[in-house]
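Can you make the complete structure from the sequences, with help from the hints?
These are the residues of each chain, in order.
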Amino acid sequence: MNQAKIPVDLILKNIEVNRKSTQKKLRKATAILTSELETDISTTPYDIVYEEERVKLKHYRPEKVRCKTPLLVIYALINRETMLDLQPRRSVVESLLAQGVEIYMIDWGYPTRKDQFLTIGDHVNGFIANIVDFICEKKGITQLNILGICMGGVFSIIYSALHPHRVKNLVTTVTPSNFDTDKGLLNIWMKQTDAQILGDVYANMPGDIMNLGFLLLNPARLIIDKYVGFIQNIDDKNYVENFIRMEKWIFDSPDVPAATFKQFIDDLYKKNLLIESKLEIDGERVDLQNITMPVLNFYGRFDHLVPPEACSLLTSRIGSSDTEDICFDTGHIGIYVSSKCQREFAPKIADWLLARDN
Amino acid sequence: MTETINEGNEIGRLVESWTAMAKNFWRESNAHREEGMGSSGLNFDSTAGGDEADDNKYKTYKSWEATVNNSVSFLKLMMAPENQETLYRSASAYTEALAQSTGDSMENFIELQRQAVKSLAEIGEHTKAYNLDDLDHSAFESFRELYRTEMQKYLKIPKIGLPREFHESLSELADKSNIFISHLNELIYQFSTPFEKTNRVMQTRIKAVLEGGEFVEDPKQVYNEWIKILEGHFMELLKSKEYIDVLNSTITSLAAYKGVKTDVTDAFLKEMQIPTGRDMDKVYKDMYQMKKKIRELSKQVEKLQNKVEV
Numbered sequence: 001m002n003q004a005k006i007p008v009d010l011i012l013k014n015i016e017v018n019r020k021s022t023q024k025k026l027r028k029a030t031a032i033l034t035s036e037l038e039t040d041i042s043t044t045p046y047d048i049v050y051e052e053e054r055v056k057l058k059h060y061r062p063e064k065v066r067c068k069t070p071l072l073v074i075y076a077l078i079n080r081e082t083m084l085d086l087q088p089r090r091s092v093v094e095s096l097l098a099q100g101v102e103i104y105m106i107d108w109g110y111p112t113r114k115d116q117f118l119t120i121g122d123h124v125n126g127f128i129a130n131i132v133d134f135i136c137e138k139k140g141i142t143q144l145n146i147l148g149i150c151m152g153g154v155f156s157i158i159y160s161a162l163h164p165h166r167v168k169n170l171v172t173t174v175t176p177s178n179f180d181t182d183k184g185l186l187n188i189w190m191k192q193t194d195a196q197i198l199g200d201v202y203a204n205m206p207g208d209i210m211n212l213g214f215l216l217l218n219p220a221r222l223i224i225d226k227y228v229g230f231i232q233n234i235d236d237k238n239y240v241e242n243f244i245r246m247e248k249w250i251f252d253s254p255d256v257p258a259a260t261f262k263q264f265i266d267d268l269y270k271k272n273l274l275i276e277s278k279l280e281i282d283g284e285r286v287d288l289q290n291i292t293m294p295v296l297n298f299y300g301r302f303d304h305l306v307p308p309e310a311c312s313l314l315t316s317r318i319g320s321s322d323t324e325d326i327c328f329d330t331g332h333i334g335i336y337v338s339s340k341c342q343r344e345f346a347p348k349i350a351d352w353l354l355a356r357d358n
Numbered sequence: 359m360t361e362t363i364n365e366g367n368e369i370g371r372l373v374e375s376w377t378a379m380a381k382n383f384w385r386e387s388n389a390h391r392e393e394g395m396g397s398s399g400l401n402f403d404s405t406a407g408g409d410e411a412d413d414n415k416y417k418t419y420k421s422w423e424a425t426v427n428n429s430v431s432f433l434k435l436m437m438a439p440e441n442q443e444t445l446y447r448s449a450s451a452y453t454e455a456l457a458q459s460t461g462d463s464m465e466n467f468i469e470l471q472r473q474a475v476k477s478l479a480e481i482g483e484h485t486k487a488y489n490l491d492d493l494d495h496s497a498f499e500s501f502r503e504l505y506r507t508e509m510q511k512y513l514k515i516p517k518i519g520l521p522r523e524f525h526e527s528l529s530e531l532a533d534k535s536n537i538f539i540s541h542l543n544e545l546i547y548q549f550s551t552p553f554e555k556t557n558r559v560m561q562t563r564i565k566a567v568l569e570g571g572e573f574v575e576d577p578k579q580v581y582n583e584w585i586k587i588l589e590g591h592f593m594e595l596l597k598s599k600e601y602i603d604v605l606n607s608t609i610t611s612l613a614a615y616k617g618v619k620t621d622v623t624d625a626f627l628k629e630m631q632i633p634t635g636r637d638m639d640k641v642y643k644d645m646y647q648m649k650k651k652i653r654e655l656s657k658q659v660e661k662l663q664n665k666v667e668v
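From first to last, the protein sequence lines are chains A and B. For the first sequence, the working numbering gives the first residue as 1, with consecutive numbering after it. For the second sequence, the working numbering gives the first residue as 359, with consecutive numbering after it.
Just so you know, the hints here were simulated from the structure itself, not pulled from any lab data. Just so you know, these numbers come straight off a predicted model, no measurement behind them. The beta-carbon is built from N, C-alpha and C at its ideal position, and this holds for glycine as well. Check the hints yourself; a few may be wrong.
Label pairs and their in silico Cβ distance ranges [stated by the list, open to error]:
hint: 1; chain 1: A; residue 1: G283; chain 2: B; residue 2: M645; range: 15 to 25 Å
hint: 2; chain 1: A; residue 1: K270; chain 2: B; residue 2: T620; range: 19 to 29 Å
hint: 3; chain 1: A; residue 1: D40; chain 2: B; residue 2: Q631; range: 40 to 50 Å
hint: 4; chain 1: A; residue 1: T22; chain 2: B; residue 2: D637; range: 50 to 60 Å
hint: 5; chain 1: A; residue 1: K270; chain 2: B; residue 2: N543; range: 22 to 32 Å
hint: 6; chain 1: B; residue 1: Q579; chain 2: A; residue 2: K248; range: 25 to 35 Å
hint: 7; chain 1: A; residue 1: S35; chain 2: B; residue 2: E523; range: 51 to 61 Å
hint: 8; chain 1: B; residue 1: M560; chain 2: A; residue 2: D266; range: 41 to 51 Å
hint: 9; chain 1: B; residue 1: E523; chain 2: A; residue 2: E284; range: 39 to 49 Å
hint: 10; chain 1: B; residue 1: R506; chain 2: A; residue 2: L12; range: 49 to 59 Å
hint: 11; chain 1: A; residue 1: C327; chain 2: B; residue 2: K597; range: 18 to 28 Å
hint: 12; chain 1: B; residue 1: P577; chain 2: A; residue 2: R113; range: 42 to 52 Å
hint: 13; chain 1: A; residue 1: K270; chain 2: B; residue 2: E523; range: 28 to 38 Å
Here is the structure:
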């Protein structure tokens with residue numbers, strides 16, 4: 001064995017330098033953490049225009065309407081729609097409003113034990129259908145545009161297939177439609193475990209357990225490296241505020257109604273019925289060929305929750321001939337919050353909708 | 359045999375002297391109690407008189423004396439030389455039966471202990487980097503096997519009496535909790551392996567750097583390398599069949615444990631006349647179905663109204 005040549009003098013010199021810089025950093029960090037921080041999320045003004053049980057409909061008005069057809073945003077049941085309006089100048093809502101798009105956004109609220117029997121059908125043919133009817137009646141229109149996000153994208157696809165006459169244009173973002181892939185860990189776990197029984201056990205699937213599952217998709221980065229990064233930048237007020245906003249959003253996780261959770265895993269993750277047009281909702285088959293309206297489909301190349309393989313098949317299986325796929329070099333959340341995507345994502349949606357707004 | 363008889367007589371004498379001492383103790387303590395009551399002015403037996411009063415005063419002592427006398431008579435009879443052989447044979451039969459019934463369990467226990475120690479030693483050994491073939495499942499399986507063969511059967515002993523059902527639930531709760539904890543421990547162990555493997559890789563690299571006389575000035579560089587390797591190990595682990603099997607066992611055993619825990623909680627809530635979660639679930643289900651029915655009927659009414667208007 002070779003004798004290690006440890007440069008003790010260099011190590012000691014480094015310790016001294018680090019000690020001084022750490023002291024300085026800690027003093028600054030203490031001042032920042034004990035000061036008033038701007039960490040509010042979802043600050044863009046809106047009105048609640050419709051309520052049904054726990055579900056609310058937010059209405060955002062642009063200063064000048066350019067797109068005549070309003071856009072209904074359908075978020076997932078996992079986490080909350082506040083992610084689209086995380087902070088000023090980093091907000092999809094703000095960008096779309098600036099482009100002249102009038103937005104209605106569903107806030108699914110926090111399901112309680114009484115909501116455990118709500119199925120996908122109750123969300124799609126119940127809440128969403130009622131909301132679309134409400135907006136159409138209010139605006140005196142027969143169709144509107146829909147933007148679906150992740151699980152909300154799945155609901156949007158199902159709604160568009162079951163009620164195509166109500167949808168003028170459909171935008172899906174990071175929306176899984178093909179579950180027959182082993183590219184994402186979530187796909188592997190959901191297919192090979194009996195996770196759906198947790199829905200029964202807890203009445204609803206607890207948001208915290210789901211969040212724990214998402215953290216375990218990449219523990220090194222999400223449980224360790226993320227917080228190491230925070231400590232390293234703790235003397236940067238802007239970084240700290242952004243970090244806390246993201247923490248507020250990511251750990252704000254409503255439970256998912258048990259019946260919906262079980263149906264999602266059994267019919268989609270395990271049986272992959274949606275992309276095969278074999279899924280049945282309230283006794284009616286969800287035929288993707290019924291989706292004849294224009295479809296814009298976004299997904300992230302580095303999305304570890306919904307890999308590109310889970311999203312890219314959709315446009316080739318639907319009845320529409322006006323389709324476009326856009327793959328950003330980002331992950332599941334980056335598509336909405338990264339600076340680069342902020343510049344491209346919302347403007348692209350607005351332009352695409354305007355081009356199809358007669 | 360003679361030795362046994364002598365020992366028997368010794369025990370007999372010991373019992374006799376102990377009973378004599380006990381008699382004195384009870385007689386004296388009763389007498390003191392009477393004195394104490396007298397001095398404090400209390401006299402519970404003021405209405406009693408003569409022998410009847412004596413009987414009442416010493417009733418504890420007398421009852422105890424009768425019991426001891428009976429026991430001593432029985433012991434003396436058992437210690438009599440002509441009964442010693444029968445007694446000895448009977449005691450031997452019990453000992454043999456006990457040894458026989460525990461013999462198998464002990465053998466199993468020792469074998470399982472041997473396996474468990476071997477497996478635990480393997481857990482302590484270093485594992486190969488980026489290789490999950492050496493994840494040791496057998497240690498946890500040995501413990502579960504030990505639990506199933508040697509402990510679970512005691513929890514499954516049939517319960518009797520009025521609180522039978524509740525005792526059964528408690529035993530089941532203990533059983534499901536043990537099984538869940540064993541799977542959870544295995545899952546936690548699996549989560550520790552990427553750290554162990556990463557540290558092993560890093561130790562080798564740092565050793566090579568030091569032997570080369572180099573010095574990494576920026577600790578961030580070392581951290582970045584460590585986290586990258588750790589991420590790689592986690593990715594290997596999280597998609598492995600071994601991990602998914604353990605994850606699934608943890609989920610199913612958690613579900614079983616939670617189910618029984620709810621049974622036990624429900625029993626308490628029922629005692630307190632508080633509706634249980636399951637009672638409420640039935641109400642919620644009825645509400646859900648009624649709402650759905652009302653919505654359907656409302657739509658039908660609306661359609662009919664439209665038809666009538668047309």
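Outcome of the hint check:
Checked against the hint of 15 to 25 Å, the C-beta distance between G283 (chain A) and M645 (chain B) comes to roughly 22 Å, which is consistent with it. With their beta carbons about 26 Å apart, K270 (chain A) and T620 (chain B) fall inside the hinted range of 19 to 29 Å. Range check, D40 (chain A) to Q631 (chain B): Cβ separation about 45 Å, and the 40 to 50 Å hint holds. For T22 (chain A) paired with D637 (chain B), a C-beta distance near 58 Å keeps the hint of 50 to 60 Å intact.
In this structure, K270 (chain A) and N543 (chain B) meet the distance hint of 22 to 32 Å, their C-beta atoms being roughly 28 Å apart. Separation of Q579 (chain B) from K248 (chain A) is about 32 Å and conforms to the stated range, judged on CB atoms against 25 to 35 Å. For the hinted restraint 51 to 61 Å between S35 (chain A) and E523 (chain B), the CB-CB distance of approximately 60 Å keeps it satisfied. Look at M560 (chain B) against D266 (chain A): about 43 Å separates their beta carbons, and that is inside 41 to 51 Å.
Between E523 (chain B) and E284 (chain A) the beta carbons are some 46 Å apart, a value that agrees with the proposed interval 39 to 49 Å. Separated by about 58 Å at the C-beta atoms, R506 (chain B) and L12 (chain A) satisfy the suggested range of 49 to 59 Å. Roughly 23 Å separates the CB atoms of C327 (chain A) and K597 (chain B), a value that falls within the hinted 18 to 28 Å. About 49 Å separates the C-beta atoms of P577 (chain B) and R113 (chain A), a value consistent with the hinted range of 42 to 52 Å.
Between K270 (chain A) and E523 (chain B) the beta carbons are some 37 Å apart, a value that agrees with the proposed interval 28 to 38 Å.
The earlier numbered hints are all upheld by this structure, with none contradicted.
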